[in-house]
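Once you've looked at the hints, dock chain B against the given chain A.
Protein chains: 2
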Amino acid sequence: MKKTPSRASRSSASKKPPGVVVVGSVALDIVHTPFASSDLVLGGSAVHFSNAASFFARVGMVGVVGEDYPLAQLDFLRRRKVDLSGVAVLPGKSFLWEGRYLDNFLARETVRTEVGVFADFRPVLPEHFRAANVLFLAAIHPDLQWSVLQQMKSPKLVAVDTFKLWIDVARDRFLKVVKHADLLFVNDDEVRWLTGEHNLFKGAKALRRLGPKWIVVKKGEHGSFLFSDRGVFLSGTYPVFEVVDPTGAGDAYAGGMLGYLASQPRLGEATLRRAMTWASVVGSFYVEGFGPDGLKSVTLAQLRKRHREFCRMVSLP
Amino acid sequence: MKKTPSRASRSSASKKPPGVVVVGSVALDIVHTPFASSDLVLGGSAVHFSNAASFFARVGMVGVVGEDYPLAQLDFLRRRKVDLSGVAVLPGKSFLWEGRYLDNFLARETVRTEVGVFADFRPVLPEHFRAANVLFLAAIHPDLQWSVLQQMKSPKLVAVDTFKLWIDVARDRFLKVVKHADLLFVNDDEVRWLTGEHNLFKGAKALRRLGPKWIVVKKGEHGSFLFSDRGVFLSGTYPVFEVVDPTGAGDAYAGGMLGYLASQPRLGEATLRRAMTWASVVGSFYVEGFGPDGLKSVTLAQLRKRHREFCRMVSLP
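Residue numbers (the numbering used here), protein chains in the order written: chain A, 252 to 568; chain B, 252 to 568.
Among these hints, one or two may not hold up.
When chains are identical, the list treats them as one kind, so a pair holds in a single copy or across two.
[What the hints assert, rightly or not] The calculated lysine-lysine pairs, modelled on BS3-like cross-linking and capped at a C-alpha distance of 27 Å, are:
1. Lys470 with Lys453
2. Lys464 with Lys332
3. Lys404 with Lys332
4. Lys464 with Lys427
These aren't lab readings, by the way, just hints derived from the structure by calculation.
The model shown is predicted, which means the values in this text are computed figures rather than measured ones.
Chain A extracted, bound-state conformation (with noise of 0.2 Å):
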């Protein structure tokens, strides 16, 4: 018989439906960069794209941790009216990843990974979830994305990210999850192994006929452009002086483009365009710390700010 896990959160913060769900991992993190070591710091894709996100809309959080998992340390996601709600606590080990930033943050290992009660992650969306006009998939196995979407009411925005494994192991469900997503989420590698165009524009313009109307490829410092029916939208990264831990960036992305996204009454080319200037500001504050640091403390002023110069920066005259 299977145990009913507990919750994060008993009660949710409203029974309105959040403007942004997301799924994907809730984790322990230990990263060692050339530089420096951090401690045990909080980690995993819905707790960095909740960070982000939360500026701009109500996030519900779907994930599973152990009994071990700091609770205590996601107030400031509580705080940012995150709904918690939609993390279970499961008996046994919270996942655990350990890396290393390599060459100048050019490369990454893994030293260790514990998938812990990660493993047995069946994400059931709280009813209230159900009727979010966004969704988030993160990198998770492709059957656990289908059934969070078959889950849903009728979302005006799915989108989706991924990595290398599940391109691996599941291509086939991964393409049957990216067929019905609105927005892909790639960076240049991933472009390659779905497409094995070696050209990023080529690929990211195959992987729009693969359904998605938008595909956003990410190329980290190099910035990120958006491919639509409308061509291409190439957009610039905020200039950081002094990278601290590049983890969960690209999840912080997804959260700062999504997040906007939901905040908007409409969807379209511009609404994307601007999303993605705001993704990458947010993007800029979460390499200069660990884990999730680089975001935790900074207020919307500080966001807003930064937001301006970054569009000072691109702006022709």
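Here is chain B on its own, set in the frame of chain A:
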């Protein structure tokens, strides 16, 4: 006794100073890519620069070739009013470079270099070149760059390029040139070799302390950025779906930028930003053909059309 060199063009097109003078190599190239090999094509920084700059301003080209050089093939530059009276023809063979691109253009190796008469290059500027407003010192030996700088009257804008060899063998003399330059073109590796900084933005900031008011960091397909007293301007690269040969794209970028600047009444942040958009467009045409071919038969109307597209691709609503 030194032989008096003949000239590629006996009478200069006009005795008015050109808008922009370039001093660099005039070569013959053989290029191998993962997909094809070129015949013997026109090469050299001065050729690529002039090819691009001549869309915007009258160019005066300074270089040296051997008697074997197919001067008639430079007719396309003459037709664009490039003044070749600064190109000396010496007895002997022209500079020849054979190179190979590997790993989907991520790496490049030299197969063969025959320096030929370029070893004896002692640039002498035709009298009417010396009053030009804009000077581009392409990546030649710093002593030659310095000697050219001494021959100029009072250029409003001196821009300098280099490559690893000169940083290795003549660092101090290169830094002397840099000290007198207004604008320095560098790629990401050069930022690191010159400053020891791995962070490109910190590196670019450090480069400004060496003298130049403006640092332009070229990142190929990943765009470029300007570092000035106004901080950072982030510029994208026009998306190219089919790269044929990247050779010369960096020099063409400089040509597009400086040619545009030479055509403008005022130098300043706004003009430089606009110049970089034209440079990006010029560079995108460049990689679409072997050697100078990508831009050779392009019309000003085509250039303008792609520039409008580019501006749409980076514009924020």
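Broken hints, numbered, in rising order?
2
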